[in-house]
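Enquirer: Required output: the full structure, derived from the provided sequences and hints.
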Amino acid sequence: MRERGRKKPAFFAVLILVASTALCGCSDNTGRGILKAGVRDDIMNFGYLNETTGKYYGLEIDIAAEMAERMGYAGVEYVTVTPDTRKDMLLDGEVDCIIATYSIAETREENFDFSDPYYTDSTVVVVEKSTLINSIEELRGLNIGTMAGSNASPLLATKLYELGIIGEEVISNTDTFTQYDGVSVTKAASYQELDVLLEQGLVDAACMDRCIAATYMDDDRKFLETNIAEQNYGVATQKDSVLSAEVSETIRQMLDDGTIDTMIDKWD
Amino acid sequence: MNREMKRKAVFMVAVGLIFLALLGALLFFMQTNLSLANQRESTHEKLVQMDEVIAQGQESKTQTTQSFDEIQQSKAASMAFIFQNGVMDDYSVANLQECKTLLDAENVYVLDRDGNILGSSADAVADFTLVRYNQLRDVFGKKPSSDAFEVETDRGRFRYYGYRIDDNTMAVLEKNPKELDELLASTSTWDTMLHTVTVGLNGFTFAVSDKDYTFLYYPDEALLGMDALSSGISVDALEDENYTWMEIAGQRFYCGVAHVEDADAYVICAVPEDEILSSRDITVMIILFTFFIVITLVITYAFFIMLQEKKKERRKLAGNVYYNFEVGRKIGTVAAVGLVCILLVTFYMQTLFALSQQSMSNSQHLSEVEREIQNYENERARITKQYNERYLNKAQIAAYILTKAPQLADREHLANLSALLGVNAVSVFDREGVQIATNSPYTEVTISDDPEDQSYDFQKLLVGMEYLIQEAQVNDLTEEYEQYIGVTLRDADGNADGFVQICVEPTLLEDVLASMDLNTILSGVRVGNSGIIFAIDSKSGEFAYYPTQRMIGREAASYGITENQQTDGYTGYLTINGSSYYASSLEIGANYIYIAVPSANVAGNRLPLTIASGIASLFALLIVFALLAFSKKEPEMVAEGKKGITNSPMVDVVMPDKTVKKAKSAASRWQNNVIAWQEKTPEQQIVTVLKMLLAILAFTICIGVLFQDRFFDSQSIFRFVLSGEWAHGVNIFAFTCSLMLICVGSVVTMIAQRILTLLARMMGAKGETICRLLHNFLKYISVLALLFYCLSLFGIDTATLLASAGILTLIVGLGAQTLVSDILAGLFIIFEGEFQVGDIVTIGDWRGTVVEIGIRTTKILDGSGNIKIISNSDVTGVVNMTREYSYAWIDVGIEYGESLERVESILEDEFPKIREHIPTIMDGPFYKGVVELGDNSVNIRVMALCAEGDRIQTERELNREMKLVFDRHKISIPYPQIVVNHPPEFKEATAWEKYKAERFAREQRDVAGNLIEDEEEDS
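Each protein sequence line maps, in turn, to chains A and B. Mapping the first sequence onto this note's numbering, position 35 (from 1) lands on 27, and the numbers just tick up by one. To convert a position in the second sequence, counted from 1, into this note's numbering, add 269.
Please note: incorrect hints may appear among the correct ones.
Claimed, not checked - No farther apart than 20 angstroms at their CA atoms in a straight line, the calculated lysine to any residue pairs in the SDA-like style are these: (1) B/1128 - B/1115; (2) A/258 - B/478; (3) A/258 - B/513; (4) A/258 - B/509; (5) A/214 - B/428.
Said to hold, decoys possible - Far from chain B, by Cβ distances over 10 angstroms, these chain A residues were calculated: (6) 111; (7) 154; (8) 160; (9) 216; (10) 240.
Read the hints as simulated data drawn from the structure, not as lab findings. It should be emphasised that the depicted structure is a prediction, and the values quoted were computed from it without experimental measurement. For glycine and all other residues, C-beta sits at the position ideal for the given N, C-alpha and C.
Expert: Structure follows, in structure tokens:
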């Protein structure tokens, strides 16, 4: 009986969704149509686009596919999003949901609904070994690179503040550069650019999520031991949309029945 | 066949097919599992080996990088030395550029502590003040040098090396790591590590990155760097120690995966599906075919017996079950023999495939080793050259410094310099070859004038040679490996003014070269199935390498390896120290390298499979037997059919043991006609069935052999056996190859003979003769040729056999004369056309039809159906009686009193009737006139034309007819009688009769006149 009770809201959600899509006429397919999922195309094991085959693969791709199937969609259309664009694309309805190493953060929850976290990652600092930097304290006075629009910069600032490396004051702040009291942060337009900056020494360290950093690691680089923060990735949907509850429920189910664990294991 | 039988037949066929399918499924299943288990094991071993290979690769990568860095660091150090010791005074661009050239660097810099550039060989391009270059500032710490690091700049990728000049300045060397990359590429890339590795026969090893799932290495270059996941590999499969099927670019492989963490990669050993399955298919198919033959024979035999049985012998068993004695006894025998055959074939096939697979994998392995040794040879030369260049550069640096600053030529500075350069000693010699200064323990050395001496070579430097690199040699005093390199010093005018000599201890080179030693290489080779690899020196016959150290250098023969096993390309069993191995050899350099696998491990599968197929077949045969021999219904008693005399060529033959058997009659054996199926005994029918099945098999094998390129790839076992690339001798390959060749031979001969038979049918008797001779000839030739070839496969030297004490002598010695004369006579008979097949001849006192003229004998069928076999040389005095017509004639006596004319006129009327009565007469009868006016009678002759074969019978018929005619017309035939008194009353011929007789006699003369008369005289 409990099972049944739990399923009911979902059933209603489906009903409402069908009704609403029918009303607004934006569904171009019969039935549930195609789910447009915003995914990354540059993060190995999460969302990666093979340019020769045009196929995406990775954990998030699998989750999106499984989720869409459980929700009764005929298929998934993957749309590449970047940290810069993902917010707007979701707001504009260019994608139905975002499964793109998008971490759950309070600021984001104001704009979007998030599912339960399907993956927990940490934000880390990467340095070149030749800088001889061994701990986060040694970053004092240095220039740290982050990716513009990613959650890493605020988390970094918070952590550095907690550690007393920077003061409260923000001396200057532009889209590409922030000068804190003690440390400066350069915001790169893309991870590739950040990679180059780090390589050439134009930034002394780079702060990003571990799963992203994995793509750019080589023998000459290392992680600093102190983690900046834990990051919980969730599926984001438009605030209070019909899809939100459904996505949330599906992800919940997938977590409960171990599907996501299996997938993480697969892509590990 | 009645309806019930038909139903039973259909049922039995279905049962047979079901068993065939079941056995097939069982064998396929077992074989697949066993093959996979084996493959898994050998893949596992390969993966362990790969781990080592990769670890070695990693190590060699580290080592190569280290030695490269050491060289560059010593250059940075020499640069610092130059500035510390005032060889150069300032950091001017010119000076630094000279440094750059000398040190073979891309750029050199002099920096202060913060990274500000004090001098540089080129316009400053890198900002050394960045944290990124902190590593360089290490030089101001404990160590005067900094570890190497690489930066990818806008200008390209560079490695940086720093060395302290003084507390506030450092020398920095900027080096393009291209040379290092090349070195690494030749030693430790995935390509170099994996491209020589084979798994199984056609399998290979590839690597997939564990980061981005791209192919790091794949034999197909098109896939390099491509996405492995989109090529068909699933991510789930990529787990350490996972064995599974994978589909890569549309081809299926059985793969084993190992995750090499250090290299961030999955290493995958893949064996193509068809390699595992093709051998399975052929083996299982042949076993199944054997089973099929057996079960077909049992079933058909039972039916043949039941169809022909006369007495329905049944024993009633419990209930309503009847046991058919005859069927039970006979098919029981067939089934038992069949079961043994199945066991033998299974065991044989399994052995054959295991051995050939092992042979192929051994030779594959050996050629890998050969390639590896070859690679090492090249590598040796390359590495030696590379190290020499490096040492030379050190000597040049020393020479440069000492030319610029001769005042540094004292023990202290030289010791300093040699430490920086990483050499044992630096010595300076003047233009007389006398040592001026050195930091080595050997002082006051003078270059020797004796060409025998080690130092003599350096005389060349005094007369202007640029440099000299001596081979590394063992120092007599210290027994250490040392190498001397000299570079000429020049005065201001560019004339030779002594030289600088450095002494290096090439330990690194030594290590590298040692790792390329045969023993090291062979000890690194892993043979699957707990096999071993060893080497025997081809000249001395001693073990050049053996896994157990104490065996090395011992006589191989004394451990059981015979002389003829010590050859290139040996494949077969050999015994080492009492244990048996299955081995293959290959001559590489001065050694025979063997790969030997313990015999017991080679064909491990064969016993379980043989037993399984044996038990399964037994089970199937028992059921089939029961179904055939037992029946529920009481059989109807069939009235024994009367057996009339038929024209059947089948006759009963009483064997020596008094049993009666059916056999082909002698006359029919050489005939081309086929016995009608119904006339055959069940045994003959079953033999026919067996022959047909075997013919199908032989034909299939023949097709396989003839079109082997099309049906089998180059590494198939089928082709391996045919290729003859195994040691010739009494072994399973020779046996198999002989079998295959016999199949081909017999199929070809059979086809040729069939064609000949057809031709013979079309052509006349002459053609038939030739065809039969060719037929005969073909038989001998094919048997002889096959015999010789197969003997050679078994390792018997047929050439010697032929030439010397072999067959030829035997032939000549033991009545070859008759044989030869028989053959010659046979040829003459044919070519002179004395007679041919079908002729009726008389040879000696033997008259009959020629059935066959062979190479050695002629066979003649006489009127009573006997075959006379005459050696061709005995064929003399032949009377060939084959003509267009033969003449059957009879002489009839007429009483003197009878009117001859009356008789003649009667004959004219009667002749047509006689002809009608005797169908064999082809023309005639003819009246040939009066032969003789005998003592008691007037003898007239009547002749008719007929076939020679009918002649005698026709004569008898003629006699009979004449008697009847005479009786009818009251013409008496005289016979010896005593007439007491009986006056004759002779009738006068009428005038008409007279006229008629006159005409008739004349006509007859005319008609028969042209026929040969002398024949008649014979009688």
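Enquirer: Is it the case that residue 154 of chain A keeps its Cβ farther than 10 angstroms from each residue Cβ in chain B?
Expert: Since the minimum Cβ distance to chain B is about 23 angstroms, residue 154 of chain A lies beyond 10 angstroms and the statement holds.
Enquirer: Is the hinted pair residue 258 of chain A and residue 513 of chain B satisfied, with a Cα-Cα distance of at most 20 angstroms?
Expert: holds (15 angstroms)
Enquirer: Compare the distance between the alpha carbons of residue 258 of chain A and residue 478 of chain B with 20 angstroms, and conclude whether the hinted pair is satisfied.
Expert: Cα-Cα ~15 angstroms, so holds.
Enquirer: What's the verdict on residue 214 of chain A and residue 428 of chain B, does the C-alpha distance respect the 20 angstroms limit or exceed it?
Expert: holds (18 angstroms)
Enquirer: Does residue 160 of chain A sit more than 10 angstroms from chain B, CB to CB?
Expert: holds (25 angstroms)
Enquirer: Hinted pair, alpha-carbon criterion (20 angstroms max): residue 258 of chain A, residue 509 of chain B. Please report holds or violated.
Expert: holds (12 angstroms)
Enquirer: Are all C-beta atoms of chain B more than 10 angstroms from that of residue 240 of chain A?
Expert: Nearest chain B Cβ is 27 angstroms from residue 240 of chain A, so the label holds.
Enquirer: Is the Cβ of residue 216 of chain A more than 10 angstroms away from each Cβ in chain B?
Expert: Check passes; 13 angstroms lies beyond 10 angstroms.
Enquirer: Would the least Cβ to Cβ distance between residue 111 of chain A and chain B come out above 10 angstroms?
Expert: Fine: 16 angstroms to the nearest Cβ keeps residue 111 of chain A off the interface.
Enquirer: Given the hint that residue 1128 of chain B pairs with residue 1115 of chain B, test it: the Cα-Cα distance must not exceed 20 angstroms.
Expert: Given that 20 angstroms is the threshold and the Cα spacing comes to 11 angstroms, the pair holds.
Of the numbered hints stated above, none is contradicted by the structure.
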